[in-house]
Amino acid sequence: MDSVAHTLLERLSLPLANLLWNTGGHLLILAPNTPSAREAVDQTRGEVQRWLLEEYDGEVYLNLAYLSVGDEGLNLKKSKAKLQELISQEKDRRFKGDLKHLFTPMGEVISQREQCVACGKPGEEVDGERVLCEECLQHEELGRALAKAEYLVRSKKPVENLHGGVKILHAYYYLCSEGELGTAALEDAFIRD
Numbered sequence: 000m001d002s003v004a005h006t007l008l009e010r011l012s013l014p015l016a017n018l019l020w021n022t023g024g025h026l027l028i029l030a031p032n033t034p035s036a037r038e039a040v041d042q043t044r045g046e047v048q049r050w051l052l053e054e055y056d057g058e059v060y061l062n063l064a065y066l067s068v069g070d071e072g073l074n075l076k077k078s079k080a081k082l083q084e085l086i087s088q089e090k091d092r093r094f095k096g097d098l099k100h101l102f103t104p105m106g107e108v109i110s111q112r113e114q115c116v117a118c119g120k121p122g123e124e125v126d127g128e129r130v131l132c133e134e135c136l137q138h139e140e141l142g143r144a145l146a147k148a149e150y151l152v153r154s155k156k157p158v159e160n161l162h163g164g165v166k167i168l169h170a171y172y173y174l175c176s177e178g179e180l181g182t183a184a185l186e187d188a189f190i191r192d
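Take 0 as the starting number for the sequence shown in numbering that gives the first Met the number 0 and just add one per residue.
The hints are simulated quantities; they were obtained by calculation from the structure and are not laboratory data.
Small disclaimer: the values here were computed from a predicted structure and weren't measured.
C-beta: ideal position from N, C-alpha, C; glycine also.
Do not take every clue at face value.
Derived DEER-like restraints, expressed as beta-carbon distance ranges [as the list claims (entries may be wrong)]:
(1) K90 x L145: 51 to 57 angstroms
(2) S35 x G163: 46 to 52 angstroms
(3) N160 x L27: 33 to 39 angstroms
(4) L66 x L141: 31 to 37 angstroms
(5) D126 x H25: 35 to 41 angstroms
(6) P31 x R129: 22 to 28 angstroms
(7) T22 x Q42: 23 to 29 angstroms
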């Protein structure tokens with residue numbers, strides 16, 4: 000969700016202060032009610048849904064909706080309830096723009112011995128006993144790095160001297176120590192500790 004939130008903020012030309020929350024798989028951005036803002040949300044929704052469909056074969060989906068409010072929108076409880084209703088409607092129309100892609104063959108038939116033990120996709124034997132696909136192996140390595148990381152770096156471009164970054168949508172994410180951070184060429188990067 001972090002990548003989606005930052006992509007929206009950039010496209011809407013809004014500061015981080017307009018991201019009211021981004022936790023637990025939910026985000027809320029306060030943005031102007033303009034045609035260009037609605038278009039940016041729609042464009043981002045479509046782009047993220049296509050990316051998720053390609054990366055996760057329809058297993059993961061993003062519900063993204065917007066709500067136009069006036070003075071009555073200052074009642075956050077009522078606005079959130081209306082927004083939740085819109086998101087529920089979106090759930091009923093998952094991948095509506097990509098139905099053609101959903102009904103095309105998605106890979107080859109493989110034996111159970113060749114399937115990743117985590118997700119079922121084609122994989123390779125690791126450690127002489129388990130079969131993992133490239134993505135699940137990357138997630139496992141990311142989990143180990145996360146346990147040791149002191150900083151999270153988000154950048155629009157690959158960062159020199161930082162290794163093991165993951166590209167999500169339009170951003171690169173790196174987990175690193177203070178020592179690694181000190182040697183990195185951090186131009187246009189966002190750092191969290």
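Unsatisfied constraints (hint numbers, rising): Violated hints (numbers, rising): 1, 2 and 6; every other hint is consistent with the structure.
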